[in-house]
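Could you build the full structure based on these sequences and the hints that come with them?
Chains as they are written, first to last, in my numbering: chain A, 1 to 426; chain B, 1001 to 1569.
Derived from the structure by calculation, the hints contain no laboratory data.
These numbers were taken from a predicted model, which means no experiment stands behind them.
Hints are not guaranteed to be accurate.
Here are some of the chain A residues that sit facing chain B, going by a computed Cβ distance under 7 angstroms [what the hints assert, rightly or not]:
hint, residue
1, V6
2, Y105
3, I107
4, G111
5, R127
6, E128
7, G138
8, A142
9, L149
10, G158
11, L160
12, N229
13, R230
14, G233
As a list, the in silico BS3-like pairs of lysine-lysine whose alpha-carbon atoms are at most 25 angstroms apart [to be verified]:
hint, chain 1, residue 1, chain 2, residue 2
15, B, K1316, A, K283
16, A, K223, B, K1374
17, B, K1316, A, K98
18, B, K1316, A, K97
19, A, K244, B, K1370
20, B, K1471, A, K110
21, A, K98, B, K1296
22, A, K195, B, K1370
23, B, K1467, B, K1296
24, B, K1312, A, K283
25, A, K110, B, K1467
26, B, K1296, A, K97
27, A, K223, B, K1370
28, A, K110, B, K1479
29, B, K1544, A, K228
30, A, K370, A, K244
Glycine included, every Cβ here is placed at the ideal spot set by N, Cα and C.
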Amino acid sequence: MNENTVNTINTEIAVLGAGPAGLAAAMSAKNNGAHVILIERENRLGGILKQCIHDGFGLVRYNEKLTGPEYALRDIKTIKSLNVPAFVNTFVLEVEKKENSFVLYCINEKGAYQIEAQALILATGCRERTDRQIFLHGERPAGIYTAGLAQHFVNIDGYLPGKEIVIIGSGDIGLIMARRLTLEGAHIVGVYEVKPEPSGLQRNIAQCLNDFSIPLHLSCTVKTVHGKNRIEGVTVVNVDESGKEIKGSEKYITCDCLILSVGLIPENEIAQSLNVSIDPDTKGPYVDQNMHTLVDGIFACGNSVHVHDLVDYVSESGTIAGESAVRWIRNKRKRNLIKFSHDNSVLYHIPQFVDFKSNNKIALYFRSKKTYSNTCSVNLIEKNSKTCLKKFKILRPSEMEKIVFDAQLQDNQNLMLQIEENYGNY
Amino acid sequence: MKTLTIKRKLESMGVHECSVVLTDQSICIAGIAESLATKNKAGWYAAKFHTNVVNNIITDKNMRNEDCEHEQAISNELEGLSYDVIIIGGGVIGCAVARELSKYEISVAVFEKEYDVAVHTSSRNDGMIHDGFAAKPGTKKAYYNVRGNRLWEPLARDLGIQFRRVGSLILFRTPLNTILYPILANRAKKNNVDGWELWSKEKVKKEEPYLLDEQFGGFYLPSAGIISPYRATVALAEHAVQNGVAVHLLTKVIGFEMHDGEIVRVKTNRGTLQAKLVINAAGNWADIVAELANDKYFSLHFRKGTDIIFDKNTGKWQNHVAAMPNFLQIAEKTKGGGLIPTIEGNILVGPTATEIAERVDYSTNQDDIKELEKHIRLNKKLNLNQVITYFSGVRACTYSEDFLIEKSKKIKNLIHVAGIQSPGLASAPAIAEDVVTMSLQILSSRKHILKKDNWNPVRNTYPDLQKLNFKERAEIINKNPGYGKIVCRCETVSEQEIRDALHSSLPVYTLDAIKRRIRPGAGRCHGGFCTPRVIEILAEETGKNFSDITKKGYGSNIVLQSLEDHASE
Ligand SMILES: Cc1cc2nc3c(=O)[nH]c(=O)nc-3n(C[C@H](O)[C@H](O)[C@H](O)COP(=O)(O)OP(=O)(O)OC[C@H]3O[C@@H](n4cnc5c(N)ncnc54)[C@H](O)[C@@H]3O)c2cc1C
Ligand SMILES: Cc1cc2nc3c(=O)[nH]c(=O)nc-3n(C[C@H](O)[C@H](O)[C@H](O)COP(=O)(O)OP(=O)(O)OC[C@H]3O[C@@H](n4cnc5c(N)ncnc54)[C@H](O)[C@@H]3O)c2cc1C
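The structure is reproduced here in structure tokens:
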């Protein structure tokens, strides 16, 4: 490679993505004494928080209600004071795995960089599911946007994407946008959710819909889009328990904009290019309790591992990834991984593996498969014992729960997570 | 006598108040039918008696009114201009003809009613440069397809677009199919196809490890290729413009002034112009254009097709075009379709084939997706979770199901290029050559025509960063930092490439036009991240407001109003 055109950089740890996960990872790696650099493809640090101008961030971490940008700014200030080099507007074209390192081929407007790092932390966040991924049909007019894109239009660019708006899906971003667009003078015709329960947080249903009298239609979805140039209306339809459309329940609704809030998908194209195994449940890499993926030297955190509903936990996972990465490059100890699985009462959980000679304190994050409205216990099943980790009054798939426990790992024995309903047991 | 028999037959099919007129020029059938299926059946039957069928049968479901998409674009800017040749339609056919005509010392214009070229069928297809096996021997389709297939490779090189001969594999679904080999080979030979091979089960397994296990070898056609159909059409148009052709967008031909059996003037929404020769390459509207010239001797019917596009990360699992047709049906109008690698590295699955009443209807529905599952299951790695998009296109077909490429018998200076259904893209360069020969014959009666000596065979292009290695990228960024600013993360498109497209010889300032040219928003996130930035660049380059930028021209604005304007309303 020609030295004049390509800049070569060596570092111990490279963090990909500078949202709250990447910022936390970079901070903790630096605080643990490593040389670290941060790479972000957008023009500013902060990730998705840049456009989340509503408050509610930081309740767990700071015991304060911050806006997204405020939350991010605290971390960005720390990163600056720690002198962590941050490359913004920098795009990673390819990552190559060498025997003891990773080479990142990056570009930005100043040139091309070949960055060699001993460990990699993936904090690449997630992207939104699109209308095509839910097989929305009908015509193809302008005016159909994902909630995050609509949020960008309103909060960053200062434009209204529509005035008479239908929202499909009850994810948190859609709920937040329902409120935001109402405040900007648009009319939200309704939120249509195909499932019998909303997928967003209860808090957002209350604060973003109910407080503004925005109707939420459950077991109902958009069947067809109408309009040639710009969207003119949609046909909505009710669905039965199995999700099948109920014939005859179709209704035409006039609108000039359709916003989708139908889920997020962890961004793992780089991870996949490095043969990092992906969990089909979370759509993110399998990790152990140290946020170490199944490829030695590659760590992952934040929404690229699984979609969080609270930024505080995103930061937490970044902190763990950062300190673990430093520990790993210092001793390169061979891991002793055991499988930590779940039965079908659990939608997904993190970590899916446990390195049983390492840290015994395990931060477990999980979502239940269905809503449990009776008291239930979350159990850890080992060889022939069952331990109740914690009891819950209610569990919902839309709310991620966290339990920290000490694992008494004696031998190479697989673990399993299970939710058990305790009928009549208050 | 003959007409009476035909009439009886049509009546027995369910056509009421039926009439049949058979002339040298065409067969014209009329009447009332209950359904589109009956109308089309009658049309296909009539085609047995004459290649040119005018089908005036009315069905319950009357066609939608022909709306002028761009009524707002009425102006006088073209009034009084004069061209030697006016080509109606900026699809792959019109653009290929324009480029071919640009080799001569004549003035040529393409009129396209939409905001860009390649808006209709030419951007809504499978991108396959077929080998020529599937077309019925002896048809124009077979003839032009094989010739076009040979021409595309050097043409793509000159245009600076990618073309790849991936080969096409027709899989056998039973061990018995193998005995069909001589029949298949014979058909390929009749059509002059460039090569064919019999592949064993093992060979298929080796070449395509992810195909289903229940295959029994196949018939392989190495000459099949792939191309980006919209890039190809845009490149043809750009190259034509670089060699002196005028492309008038948002310009719809609405009538002709005739004199002495000739078109003298062409009426458009932007004024009336003179023309010595008119070429009708109006795709799904070619019969309407013929009618405007009082020369309707063929009808079109419309066959919609839907395709699914899979994420780029599936591309590595499919190397060739592959399909498993039912050989019992192969003699019939085969639906065709299968798994097709795209030139950008995705897998495309499709198309379906459904007769529709409208000229265009690009809506999609779940039934078509369901139907395509039979192809999806051919590759063990594919599932619907990997789908990033799907779309429909509509083929314009004559009732004889062949291309119609000829000088009008009635109007001395009109050439029809109609019924260009599949494999129209594959055939385009060969069709263009023959249309130019016809054009020169007509024009040379009034003017001596020379070849241009300064014709540039190679299209001037901007750098294509996908082709550069890391070091070359570094160098180009050093020269122009805009190439280092990535706007579209899924397709790795830089800001400067977007600006380049807006400074090309055929710039079009809409989101979809940019997407067709260099793909921002064509990837897995579907523009979720890059749309605001692309709008900003469009606004900067045009001096317009953010809210004036559209997806696809008039009335398709992306955002409606700035928050301030709305608040002060
Ligand atoms: C719209 C929205 C509303 C929310 N509301 C709340 C709320 O009210 N309260 C709350 O507590 N939580 C909320 N959350 C959750 C929380 O804010 C997010 O989960 C959190 O921002 C995720 O952090 P992250 O760092 O994993 O990802 P992101 O913030 O998405 O950051 C990822 C970063 O990585 C960059 N990147 C990706 N790939 C690459 C690459 N290859 N090279 C370089 N850079 C790359 C991206 O550009 C991005 O900047 C909300 C989330 C969203 C999306
Ligand atoms: C689903 C599908 C898959 C296909 N796959 C393949 C394939 O893999 N390989 C292949 O070879 N072929 C394929 N085809 C066929 C191929 O796409 C067509 O043959 C080809 O695009 C036809 O080009 P065209 O220029 O004739 O028509 P078009 O692209 O439709 O162009 C005609 C143009 O004329 C314009 N026009 C009409 N009337 C007027 C007027 N009055 N004034 C001004 N402008 C006017 C229209 O706006 C239009 O842009 C496929 C078709 C479909 C539908």
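Hint by hint, here is what the structure shows:
no. : hint                : verdict
1   : V6                  : holds, 5 angstroms
2   : Y105                : holds, 5 angstroms
3   : I107                : holds, 5 angstroms
4   : G111                : holds, 5 angstroms
5   : R127                : holds, 5 angstroms
6   : E128                : holds, 5 angstroms
7   : G138                : holds, 5 angstroms
8   : A142                : holds, 4 angstroms
9   : L149                : holds, 5 angstroms
10  : G158                : holds, 5 angstroms
11  : L160                : holds, 5 angstroms
12  : N229                : holds, 3 angstroms
13  : R230                : holds, 6 angstroms
14  : G233                : violated, 13 angstroms
15  : K1316(B) - K283(A)  : holds, 20 angstroms
16  : K223(A) - K1374(B)  : holds, 24 angstroms
17  : K1316(B) - K98(A)   : holds, 23 angstroms
18  : K1316(B) - K97(A)   : holds, 20 angstroms
19  : K244(A) - K1370(B)  : holds, 15 angstroms
20  : K1471(B) - K110(A)  : holds, 14 angstroms
21  : K98(A) - K1296(B)   : violated, 68 angstroms
22  : K195(A) - K1370(B)  : holds, 22 angstroms
23  : K1467(B) - K1296(B) : violated, 47 angstroms
24  : K1312(B) - K283(A)  : holds, 17 angstroms
25  : K110(A) - K1467(B)  : holds, 20 angstroms
26  : K1296(B) - K97(A)   : violated, 65 angstroms
27  : K223(A) - K1370(B)  : holds, 16 angstroms
28  : K110(A) - K1479(B)  : holds, 10 angstroms
29  : K1544(B) - K228(A)  : holds, 23 angstroms
30  : K370(A) - K244(A)   : holds, 19 angstroms
In summary, the structure is inconsistent with hints 14, 21, 23, 26 from the numbered list given earlier, while agreeing with the others.
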